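Got chain A sorted already, so can you dock chain B onto it with the hints?
Chains as they are written, first to last, in my numbering: chain A, 1 to 268; chain B, 1 to 773.
Source of the hints: derived by calculation from the structure; they are not laboratory data. Being a predicted model, the structure only gives us computed values, none of them experimental. C-beta: ideal position from N, C-alpha, C; glycine also. Careful, some of the hints might be misleading.
Estimated spans, in silico, between C-beta atoms of each pair [claimed, not checked]:
1. K469(B) to P160(A): 34 to 44 Å
2. K105(A) to Y121(B): 17 to 27 Å
3. K180(B) to K177(A): 29 to 39 Å
4. Q492(B) to D39(A): 57 to 67 Å
5. V150(B) to A37(A): 40 to 50 Å
6. E208(B) to A37(A): 53 to 63 Å
7. S484(B) to Q217(A): 49 to 59 Å
8. K180(B) to A37(A): 44 to 54 Å
9. A122(B) to K56(A): 30 to 40 Å
10. K177(A) to S605(B): 44 to 54 Å
11. S142(A) to I183(B): 41 to 51 Å
12. E584(B) to K177(A): 50 to 60 Å
13. Q217(A) to K180(B): 33 to 43 Å
14. T76(A) to D135(B): 21 to 31 Å
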Amino acid sequence: MKIFIITLTSILTLFCSQIFAQSAEEKGLEIIEKSIALDNGFVDSTVVGKMILKDKSGNESVRSFKNFIFEELDETLGDKSIIVFTEPRDVKGTSLLTHANIEPKDDDQWLYLPALKRVKRISSSNRTGKFVSSEFSYEDLSTDEPEDYNFLWLEDINCPADPSLQCHVIEATPKNKKSGYSKRVIYIDVSELRYQTVKFHNRRGDLEKELNFKSYQKYLDKFWRADLLEMKNLQTGKSTNITWENYEFQTNLSINDFNPEKLAKMAR
Amino acid sequence: MYLFKMSNFFPKLAELVIKRRIFFILIGFVIAFVLMAGAPNIKFDTDARVFFDKNNPDRIALENFEGEYSKDDNLAFVISPKNGDIFTPKNLNAIGILTEKAWLLPYVRTVYSLTNYQNSYADGDSLIVEDLITDIENISEEDANYAEEVANSRIELKNAFINSDNSISQVNILFRLPGKDAIIEIPYVMNEVEILKKEFESQFPEIELRMVGFVPLNNQYSVSGQDDTAKLTPMMILVTLIAVAIILRTIFGVGLIFIIIVLCAGSSVGALGWSGTNINNATVVAPLMVMTLAVASAVHILSSVRQTMTITPDRNEWVRRAIVDHGPAITVACLTTAIGFLSLNFSISPPFRQLGNIVFVGVIAALFYTLTMLPALISLLPLKKQNQKATMDKSMSFLAEFVIRRKNSLLAFTAALIAILVFGISKISLEDDFLRYFGPEYELRQSIDYYEDNFAGLNALEYSVNSGKENGVNDPEYLMKVESLVNFLRSQPNISSVRSYTDVVKRLNQNFNEDDESFYKVPNSELEAAQYLFLYELSLGYGLDLTDQINVDKSALRVTANVSKTTTKGFLELDKKVQSWFDENAPELSTKSTGTSQVFSKISSRDVPAMLKGTGLALIGISFIILLVIRNVKYGLMSLIPNLLPAAMAFGLWGYFTGSVTLAVSIVVAMTLGIVVDDSVHFMLKYAKARKEGKSPEDSVRQAFEKVGMALTTTTIGLFLGFCVLAQSGFAVNKDMAQLTAITVVFALLVDYLLLPPVLIWIDNFKLKRKTT
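Next comes chain A alone, as it looks inside the complex (with noise of 0.2 Å):
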């Protein structure tokens, strides 16, 4: 009776398994998409942020600016952003607009220099470099698309930043040779599907950032948005915090503001 029970366990146990392993990776594209999917609609926002960069040693610097996000419907394309500087002072207006494209195509990018009155298109196949010397990237910044990671659910733990939270930990590895990571650890909450946690793990396979998401508001009661992002390298020691101030959403802009003719004037 006991080596029956034994033996059952045992069948059981590995066929379970089995089924676990085909769709581990099936149920993390199934969490990011479902994650990704609960954020349309929002159409467009735009939000203040400020950028608090940290070194070893406690020395602060800031950056400010104002974000403008314009939600593309077309599946082919990606959202369309202005990043206009407010700080520091002598950088003021100087804004930063990206057309989002789907691997492997690389972003389309606009600068406009308030000093020169020009604006100027630059290249940004450097998506894996700092993000204005802060422990952010490109990459950090820009959400996931499906297509650019294979992704590999492992397990439902409390979650690392809010222990009274249930997580998805997925494992996210990009298909692209030039990201700046081997791999990703995203730490989802089991009931809103909001990203937690993502622990980033450099080109060698070593931990090196881990960035927080903290004090989620619901806008219009539909969409989650963290009001502070805690990115800390685990290596130097340097750290980063955004915060988001004064969200709007839906505030009628138009694609027409995001032609890069009309960045000098969005600057303003």
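Coordinates of chain B only, in the frame set by chain A:
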């Protein structure tokens, strides 16, 4: 009073040793083993900076500089394709692959190479900042030609990432070592680097790969230290024992000496282990020095036994006589040597302080073992009695006669020789090229020489040029001044390349103006400069930033000038030129140079005055001991001659033949003082004793030669050979120190034999004559 006590102490000690010989043998071993138990705690330091004290002002300045920018723990792969042309698709592909793989090494902060050079250019209405080689897997002939054209037109690449004839390139890897335990971290990195190197070499057999940089250099510090131990220890033991065997003609004595030196060296190393200090390249020779010095003490006992055994077969009498006759002299010799080494604590360089303390412990241990355990062993073990006088004794009386007969001409001759030699000191220059502390037998040294011969300079002058205000680096006026500093540096013949952000901002200005070359200059307005900088920082590739070029609040720029093939003197003179450039052109920006090369270039000139103080104190202490022992102010003062002259003569000889000397220069006088003093003390003691007994100065000299001549010659040969072995070290500081010491001990014997006796006879006879008239 003191002598009386001493003359009481040693007979008592002799009786005690004979009576309790088993006890002394056992206690000797027990003490040695307890001390030696500390040895397993010892680790090898892997850091060139062990030579800099935490309080060294140059080190503090360097660390502040590194805090502001970055610490250059780097490793550069030097790439030399056998076809002599970097710009072929295949060779560029190899560089690209090496660059990408280098990113996977542990603790990597940044990798700079030709292929990931951030090439900025205008393309119609677009501004592009991208890798020089965008796709390393698909490089066409045109891509290679384009890269060649760009690389040769960028001043920041020429002589930095390609050499003058495009035959050599480099991939420079910067590490961010956690700094928790360099002893583990550096070998860990080097291990993976070696794997990568092998992999690359098998994939690209037509490319030669070499390594230079601070990480391999630091690693070399532990490697060559271990090499020294492995190579020099057996050599030292062998040479010492063979020398002792030849001189004393007793195999058994050799065995005893072996036991004693091993115990002494072991005790000193063990003490280091217990103190919790790591061993480094300079202190690694300490136990070997202890061996040599211990031999000198032990030989006195054995040669006395050797003399006594021709008179009596009574084993206990041999021991008694050895202790009574030689105990005082050995004690004095060990104490003075110990004081000399203890004075190394005045050095500003921690390894020398540690060296001094290790040898101090070893010498005290040697004193203890030679006066207790060694005689106890002799009295217990069947040392074969020999009847023949050792040949050395005969030659000593011959030498004595010669010196007495020729005293006047010897006096004149040695005085002249000394004058000529001492003049050579003026030819000595301090030379601390830390890149070349390691001998040419090491691969790293060969790579460093290859790099400097064919590529660029590795020594660097670093300046942090401060504008005086936050975001001041964007001020056009400031930028132009920095630019003219950079131009000034580039006009210096010894400077192979200069790195500065000014090149970047000039290029961006040109790029933003449709690559119009007339815009290759500092931007007109502060806002423009600030926004170019902002744009550039937005566009940099993976892992690249300007934090190692611009400080955090953007108030200062770093200017790095690589200096090739220069001496310490030339290096410091170059800095002087830069300082006067500041005074004339931009006094408000004036800043001192820093960098590892700079700290090393100053270390000798900082340590010499510090050690002068130490040497002076050692001299006072040692003279005090001599006075106590000789109890005669005249002889005491005269003993200064043979104690101070030898080191001066050795430096002079060095000045004529070698000229440049490393950091070792500062400690040699203090070190040798305590060692050479033994010879003169032994000689003076015997001379003074004979004089007291009423003998003439000539007869007293004869007696001194007869009594201690053999022992002095033997110990000098032993010390000379010992330090010759140490001079085989692959580390220049040890080598210089050992060679200088070896020369000094020989000169000391010459002075004691050829100058001191004529001087003694002359002065004493002069007095006698005056008394009689």
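To see whether the hints hold, each was checked on the structure:
1. A C-beta distance of roughly 43 Å is found between K469(B) and P160(A), which places it inside the suggested range of 34 to 44 Å.
2. Our hint of 17 to 27 Å for K105(A) and Y121(B) holds, since their Cβ atoms are close to 21 Å apart.
3. For K180(B) and K177(A), the Cβ-Cβ distance of about 32 Å falls inside the hinted range of 29 to 39 Å, so the restraint holds.
4. For Q492(B) and D39(A), the hinted distance range of 57 to 67 Å is satisfied, since their beta carbons lie about 60 Å from each other.
5. For the pair V150(B) and A37(A), the beta carbons lie near 46 Å from each other, so the given range of 40 to 50 Å is met.
6. Remark: the range hint 53 to 63 Å for E208(B) to A37(A) is upheld by a beta-carbon distance near 56 Å.
7. About 54 Å separates the C-beta atoms of S484(B) and Q217(A), a value consistent with the hinted range of 49 to 59 Å.
8. Hint check: K180(B) to A37(A), Cβ distance near 46 Å, so the stated range 44 to 54 Å holds.
9. Range check, A122(B) to K56(A): Cβ separation about 38 Å, and the 30 to 40 Å hint holds.
10. Checked against the given bound of 44 to 54 Å, the beta carbons of K177(A) and S605(B), roughly 53 Å apart, stay inside it.
11. Roughly 42 Å separates the CB atoms of S142(A) and I183(B), a value that falls within the hinted 41 to 51 Å.
12. Range check, E584(B) to K177(A): Cβ separation about 53 Å, and the 50 to 60 Å hint holds.
13. Taken as a hint, the range 33 to 43 Å holds for the pair Q217(A) and K180(B), whose Cβ atoms sit roughly 41 Å apart.
14. Remark: the range hint 21 to 31 Å for T76(A) to D135(B) is upheld by a beta-carbon distance near 24 Å.
Checked against the numbered hints above, the structure violates none of them.
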